[in-house]
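Protein chains in written order, with this note's numbering: chain A, 513 to 757; chain B, 513 to 757; chain C, 513 to 757; chain D, 513 to 757; chain E, 513 to 757; chain F, 513 to 757.
Calculated from the structure, these hints are not laboratory results.
There's no promise every hint is true.
Stated by the list, open to error - Cross-link-like lysine to aspartate or glutamate pairs, in silico, EDC-like; alpha carbons within 16 Å at most:
| id | chain 1 | residue 1 | chain 2 | residue 2 |
| --- | --- | --- | --- | --- |
| 1 | F | K544 | A | D579 |
| 2 | B | K544 | D | E578 |
| 3 | E | K585 | F | E741 |
| 4 | E | K544 | D | E578 |
| 5 | F | K585 | D | E741 |
| 6 | C | K585 | B | D740 |
| 7 | D | K728 | D | E754 |
| 8 | C | K531 | C | E716 |
| 9 | C | K747 | C | D714 |
| 10 | C | K544 | C | D714 |
| 11 | E | K728 | D | E598 |
| 12 | F | K544 | A | E578 |
| 13 | A | K531 | A | D711 |
| 14 | D | K544 | D | D714 |
| 15 | D | K544 | F | D579 |
| 16 | C | K520 | C | D706 |
Unchecked claim - Which bits of chain F does chain E cover? Going by a derived footprint, with three or more residues having C-beta under 8 Å, they are:
| id | region |
| --- | --- |
| 17 | 530 to 537 |
| 18 | 721 to 729 |
| 19 | 732 to 738 |
Ideal Cβ positions, reconstructed from N, Cα and C, are used throughout, including at glycine.
Protein chains: 6
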Amino acid sequence: MSEDAVFKPLAQQTIDLFKAASTATITMQLMKRGLRQMAINLRPMNPDATRMVGPAFTLRYIPAREDLAQPPKPTDPVNAQRIAVEQSPAGSVVVVSTGGELRSGTFGDILTARLMVRGIAGVVSDGGMRDAPILQTMNLPVFAVCPTAPPSMTSLLPIDVQRPIGCGGVPVFPNDIIVSDADGVVVVPRHMADEVARDSADQEHIEKFIALQVMKGRAIPGLYPPSDETRAAYKAWMAAGEPTG
Amino acid sequence: MSEDAVFKPLAQQTIDLFKAASTATITMQLMKRGLRQMAINLRPMNPDATRMVGPAFTLRYIPAREDLAQPPKPTDPVNAQRIAVEQSPAGSVVVVSTGGELRSGTFGDILTARLMVRGIAGVVSDGGMRDAPILQTMNLPVFAVCPTAPPSMTSLLPIDVQRPIGCGGVPVFPNDIIVSDADGVVVVPRHMADEVARDSADQEHIEKFIALQVMKGRAIPGLYPPSDETRAAYKAWMAAGEPTG
Amino acid sequence: MSEDAVFKPLAQQTIDLFKAASTATITMQLMKRGLRQMAINLRPMNPDATRMVGPAFTLRYIPAREDLAQPPKPTDPVNAQRIAVEQSPAGSVVVVSTGGELRSGTFGDILTARLMVRGIAGVVSDGGMRDAPILQTMNLPVFAVCPTAPPSMTSLLPIDVQRPIGCGGVPVFPNDIIVSDADGVVVVPRHMADEVARDSADQEHIEKFIALQVMKGRAIPGLYPPSDETRAAYKAWMAAGEPTG
Amino acid sequence: MSEDAVFKPLAQQTIDLFKAASTATITMQLMKRGLRQMAINLRPMNPDATRMVGPAFTLRYIPAREDLAQPPKPTDPVNAQRIAVEQSPAGSVVVVSTGGELRSGTFGDILTARLMVRGIAGVVSDGGMRDAPILQTMNLPVFAVCPTAPPSMTSLLPIDVQRPIGCGGVPVFPNDIIVSDADGVVVVPRHMADEVARDSADQEHIEKFIALQVMKGRAIPGLYPPSDETRAAYKAWMAAGEPTG
Amino acid sequence: MSEDAVFKPLAQQTIDLFKAASTATITMQLMKRGLRQMAINLRPMNPDATRMVGPAFTLRYIPAREDLAQPPKPTDPVNAQRIAVEQSPAGSVVVVSTGGELRSGTFGDILTARLMVRGIAGVVSDGGMRDAPILQTMNLPVFAVCPTAPPSMTSLLPIDVQRPIGCGGVPVFPNDIIVSDADGVVVVPRHMADEVARDSADQEHIEKFIALQVMKGRAIPGLYPPSDETRAAYKAWMAAGEPTG
Amino acid sequence: MSEDAVFKPLAQQTIDLFKAASTATITMQLMKRGLRQMAINLRPMNPDATRMVGPAFTLRYIPAREDLAQPPKPTDPVNAQRIAVEQSPAGSVVVVSTGGELRSGTFGDILTARLMVRGIAGVVSDGGMRDAPILQTMNLPVFAVCPTAPPSMTSLLPIDVQRPIGCGGVPVFPNDIIVSDADGVVVVPRHMADEVARDSADQEHIEKFIALQVMKGRAIPGLYPPSDETRAAYKAWMAAGEPTG
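Next comes chain A alone, as it looks inside the complex (with noise of 0.2 Å):
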């Protein structure tokens, strides 16, 4: 692939057609091309707000060491921490390694809120989050293990931003696609985007029609995955004006 596949802007086509797609199909649609690991299993820190899509903006933390984990003072040179913070572009997704670690949380109500005036599209991370009755409220999509109430330098500390990292055992590149709902969250590498993104769509509206076969009492068979006939029959009921009853 080339540097400008990977870096051009996403097209907002490529992002609307995400949005119209669930996680479950575009995993499908990444294993049809050989991708079985790209599901990072995490919860919402707030149900009402699962719904994400963008570039991703990488965030890597490693453990704390006592001496340089302290408490924030106002002099501290910029860290890792603090560029995703402030610099990440408006619309990406900040994605977050912590290897894991939970003893801590990865940002608070503060830096989420600063986050979200800043128009980032949504916060993913394999560690916790702080501020949780906070952040249960928030209007943005924040992905994480668990509430943990404390601050990071307890047990991480921010090395670097916009390197590749390993997220809840998923390869996220920076830019990669970062898609989310209930179901988790979902990394679609830069390069193949587009392409996945078209045939998530296409994949969801044939969905749609079988499961209006099913709550009509039609079998699996010949169904799901749909045959000839079904495809057929799928084209008829577009052509129809897709008719729900």
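Go by the hints and put chains B, C, D, E and F onto chain A.
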């Protein structure tokens, strides 16, 4: 135990008695019979649909092998997953052994909808479930470990149905009785179902009386478990029409 | 520290200050004093009842032995569990060490109701809880790992009360102060309770001002942690009656 | 693949080729064919007996139920464990699925001795093994997770033989080829056994040449993986009688 | 059971019988009495020193708190760890509960040497051990999870001795009998020690006969467990002087 | 700390002092400086080669993506793994972060042999190692979690070198000092290496004296940690030529 005892249909009275008993009560009755490990620790996909009683129809997966576990095609031969979806009897609970594999989902919305349409009482899996946003709204009890987006063939291969399985560390034989509520899922061996149902309902009844006494401020000793005096008061309370005041 | 400091009743002012502070803030204050591991990662049984402040009353279980851990009878001698249920002081938090054993529940609805009637502030266990459907509706903060149906004697044996315990990897001494919210549970050593309460309340106050600035679009550097200028602006804001606009 | 391919006896030449190949090499060959998850991470009970090649004879346990899993009596009916012990063919490897249950042992010294006397090539279990002091001295490759004293019926119930199983997260079909050394155990699907054996032996041969070059101080680039020049030098080395100096 | 039964010294004959029995055999005897969970899965620090019999002297740690768990000074008051090291009776086994904490070691070479000099029979800990290079050469059975370098106060705080504890998920009461070999460690409740010792020795004896028959090629059915015929042959073998040929 | 302090070569005297100190002693010295979490719990691949001292050269892997992680070809561009193998300085310890991924090996025999030929002091990985049968005989300290056969690209992708990493939950910065023995691996921050080395050697010396006293039967109180009297006796012992009798 005779084959007859195991395979004869569950009496409606037994089903009704189980429907009046919590899994907390049923596990106490099982423990009184020496069975300490019959509870499966799982969470409901829809917290408003946790109550379920029915005989087990088992499905077993093994780990996937990449050349065998491919995206489905309509020409695929029938496999064990499809048998479970199309041939499990109405009223039964489909219980699935995944070996604890969480990287892909047991079922998604379409297969689960088919089970619901066919009159299945519920689904229990020691793996994940796809399409959580839809399952969360379906009026069917589905218990699993967590939502997970990827399709089952990402890491699972269906092998057989109606064989004894382990599910979440608990043995499940075909036709064992499955009961669930928000505490999780309990397995009652088929041959002791009738008496466990009866004794559980009895225990629920006296605990209703005990809970009333607790709220009135009575101390636990002599009350719970009930002494002879408490049992006498319980009978008097029943004779008086079970006053809640 | 003197015995006096540890065992004298908690001042009402300290309780009030803790009630105004999040566990995220309190763990920052503990970290400033060198204590990095005082948060217990547990979930509330009733997400609408997470806020709790009180001194710890500890209960310790060990793994069950089948001949000792039998269904309870009214003639059983008093054991440590029953002492915790009947003799823990009103206002205290019952903190339970199970060694992380999840195959059975710490308490069920009846014992928990008894604790609530007796005026206990809440319950914390590093094991499971029975009768989740009822606990989910009780107005008492109960933190545990998960719902679990089987009765405690299935795998747990109560041994003693008011001894130092480990609960979820955190040391808890009798009369340590327990504070909780949706981020989890925090343990504050008794002898530093007054000053941690005071400093936490101060930190909450200035963070309220900082959050207002973030929502107005101000960047994090110099704001959080606050520089001298920010602290001056904070004082001016207080003098002006803390305007939220 | 045809049934014939799967069930015809393994050729002696294939066995001999596998005996000359490490599991590290065989997993590289499997990966070249798209199979990434065929290695079972287990340790040998006798570190001096790790080398084994043979077709799998599978045995499946489920979790025990207290009323069914009792100390054995001579009048017990034949069960799956006893079939595996007495009827597995000479030369085969008995592969056991325990679901990762470690609280009891798969086999002890007497059943293992019987397997050895009957000419079994080895034993693989994703559980524990009893009588480790004796197994450590037996000249039979036995791979398991760890030693464990309790008899199998403490927590395991034998269910069936020669069905596909998961063992340590790897799918094992009856007659798949099992190869082991100190790196662990590898499963080769039956239908690709002949070609994997041949290519593994070829790879071992050239790596012997490469290792010689490394010890002489040659750098890795161009050497490993071998460039065309290295392959030519390899052929010259073979033609020269494979000098080790 | 009476207090007398629990606290009277273990008879030398019982010790001798246990020394002739493997833990595999003893767990079978415990299971026949309904106790399924009395084996602790640990590894010996010195694989050449695994055999140990003696009554338990228990020591309990809780998680460390940074202000209490500091490097030791000679002026520190006596704590529970030092009581275990200096006051445990000769012949006893020091059994330690760490709650599974592995980030620091239970004891190092100096305290272990002191225990050996004082005549302790062995050490069992569900945590780690320091100074493994030295412990590997000491002629004292020490069972733990793994070697670990940091001193105990890094993450552990000693609390009390001779209280009931959980060790690796197994209940251990003071004076319970501890027996170990390469299969791990088994706990025998004090009040059933004499009869378990006797029956274990009997079982060992007949299994010696059975193993001889297996090596002669006899099949398992009727042999193991022994039928009446096998028992008769066993008696004849004993009467004949137990020929090994 | 200055950059100079971190990057200047380690003095030979410091190396020699570390070679005379156990990791148990070094972790005590680190704890005295407030660092509680600097030990990595790993096992040596060759139990006869555990002793190693040298500055860290770090290598970081992330989880593999199937399209990027393919069997190596001689035309592959240089990657981070190959840089670590060919460009790490003689005398350094290659420390590898795998995120705990055990499904494939960090290095095999050929790359490890290349490191040994190049004069590397040792290898530390929080993942697995391939070709254990050969590594077990190599005179190079290699610490990892376990043997594992599959090649690294099965589940790992090399990303960068000489960046700070987490290895087994411990922060490792380039040029931190790595010391190991059979207790595992310890990381000493570069800027405190000289003084930790000196104080560790001092501690070892007095512990040699203390161990002699223990074997003579002296009790622990006043001896360990040493009182002023013990320290005086220690000095007298040194002055007397350190008699071992």
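TODO: Sort out which numbered hints this structure fails and list those numbers smallest first.
DONE: none
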